[in-house]
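From first to last, the protein sequence lines are chains A and B. Each residue of the first sequence is one higher than the one before, counting from 283 in our numbering. Each residue of the second sequence is one higher than the one before, counting from -15 in our numbering.
Honestly, I wouldn't trust all of these hints.
One-sided excerpt, in silico: chain A residues whose CB lies under 10 Å from chain B [unchecked claim]: (1) Glu353; (2) Lys354; (3) Ser392; (4) Phe409; (5) His430; (6) Asp474; (7) Glu476; (8) Val644.
Only part of the chain B face toward chain A is listed, based on derived beta-carbon distances under 7 Å [claimed, not checked]: (9) Asp12; (10) His28; (11) Tyr30; (12) Leu53; (13) Cys60; (14) Lys65; (15) Met94; (16) Lys98.
If you're looking for bench data, these hints aren't it; they were derived computationally from the structure. Note that beta-carbon positions come from the ideal geometry of N, C-alpha and C, so glycine has one too.
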Amino acid sequence: MTSEAQTCPYLSTISRPSLDFDFEPTCSVTLVSNNIYCCLVCGVNFRGRSKQTPAYIHSVDEDHNVFMSLEKGTFWCLPDGYQIVDPSLDDITRAFKPVYSKEEIALIDSQTDLSRDLFGRRYLPGFVGLNNLNKTDCINATIQALVHVKPLRDFFLRCGDGMPFELILANSSSKKRKRDGIQKKTKKVMVDPESFSHLVKMFGELVRKIWSDKRFKSTVDPHMLVQAISNDSNKRFHVGKQIEAGEFMAWFLHQLHLGTGGKKSGSSIIYEIFQGSVEVTTQRHKTMHSSDVHEKEDDRYGSEDENETDMEGKEPPKATNSNEMEEIIHETNFLQLTLDIPEKPLFKDDAGGLVIPQEPLVNILKKFDGVTFSDVLTANGLQRRRYKVKQLPSYLILCVARFKQNEFNNEKNPTIVPFPVKNLDLGRYVMRSSNDEKSSIPTEDQVHEMSVSERCTYFQYFDYLIILYFKKKLIYLDNSL
Amino acid sequence: MKDLRELLKKHGREDLGAGVIEKGELVDVCINFISKSLPDLLSHKYDLVANITHNIPSEVGREGKVDPLQEGTYRCHVQHKGTQKWYEIQDLDVRETMPQLIGVSEAYIMIFEKKGL
């Protein structure tokens, strides 16, 4: 083997359409998964390069001479055993492991040209189909959603060359620091893509493949990631079984967090992007071992009417109620907010059809306005909780709790939740900065002001559609204003 | 109208509504005021970047097929930032779609992006 031997007479035998790098590199003869070489003529993977290995035997038997190492991405000629360095093979390298420069990453969003694959099909990089490996559409949809989150995508595109780089994390997620009031503290973290977990590496590779404009085919196979997910979750998320997207999203984000070097309190790119915090006020009986009688009373309070909750809501958060309730305030971090939607109606409508109710997003977000109570069943009996968002992340994941398990099977709530595609205003759900924090519960006046400002923002909401004028006229006509 | 004046007063800008008599004018003044202070309001504004929906075929829930989770399919809506176009992706199928349709789809998971990042 000489290092000067760079060109190879067999390069013309390479058949690019039969190459597919989306699958797990396993030897087709021995099923081992390390030291794998891919035959560039027929696209089959074999182990080894030296004599007696399947790859060597294949090269002699079939007269296929060009191989590529799936670990290092180098090209070899077998059975002669010399390395090939040839610029005409660059397209294979790029299809195998796409690499992005900083400039390319910056420009990727403005790129609107369609790319062409080997078969002449056109595709838009970043908007490619993912193969469904028997009911893995949930994984596919989740991947597609995450892949379009800009900072996350850029992070993984940068990992392409495998070189460590510096990342600035602004979010100090350690709770102690937050309590001290130091909200923004940037720290530089060295990111070494080599240290990532297998799952994260697979995800990163998939991200790079989805956004690549030099692919051989216009679809991407998430096979390796699905495999990794299945392994890491102990088959909880497995091929052939539909999974619940909310559950999967939570698990997957957590795995990405751990895999990119995040710890329980330490920050990672995932926490940086998605983590916010919410203040939970729990109301419960002062006496922990409450008797049945007490609990019954509690139930009644919950169901009496809504005025009751409003009354309680107007009190300052730390005050204890007279009816032996105490409030505990604690703060938790979240990656996604789960929203409850009202139960679907039990009865059919006049026409005999099922009614599909509608509940605007603004309504179901009330769970987090710090005034509305939601009842939670816990081990200690019924608890009433009040949520108030303390800090919103730069990317907010909202999850609508649609599936419910009853005794027999899953039940789906088909309620349609209309939401604004642009300009979702979450200002009302966020605590005002430190000074105002105490008076976060609105007074009568403030409630009124809210309803007014809500109306005003309403037509900002809709200026995207053409409802603007309509709403404006309504305001003019409205006497109550 | 009275309320609107009160509101301006609260924000320390009663001067804006001082010389205004008609209601329509006052509303205009208020709108101007709001659009001027828009950058502040923007700090909590979010735009959708991705949306995962879950659809079940219509025959589910009748005879035999009972589990909506097992029968249903997921799809994803994502936006191309360069062209502002929305795409609906279901596995291998990628097609363009209208943003108006996304807002009323059976949304399951939504990812919002903070404005002005």
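Looking back at the numbered hints, which does the structure fail to meet, lowest number first? 1, 2, 6, 7, 8 and 9
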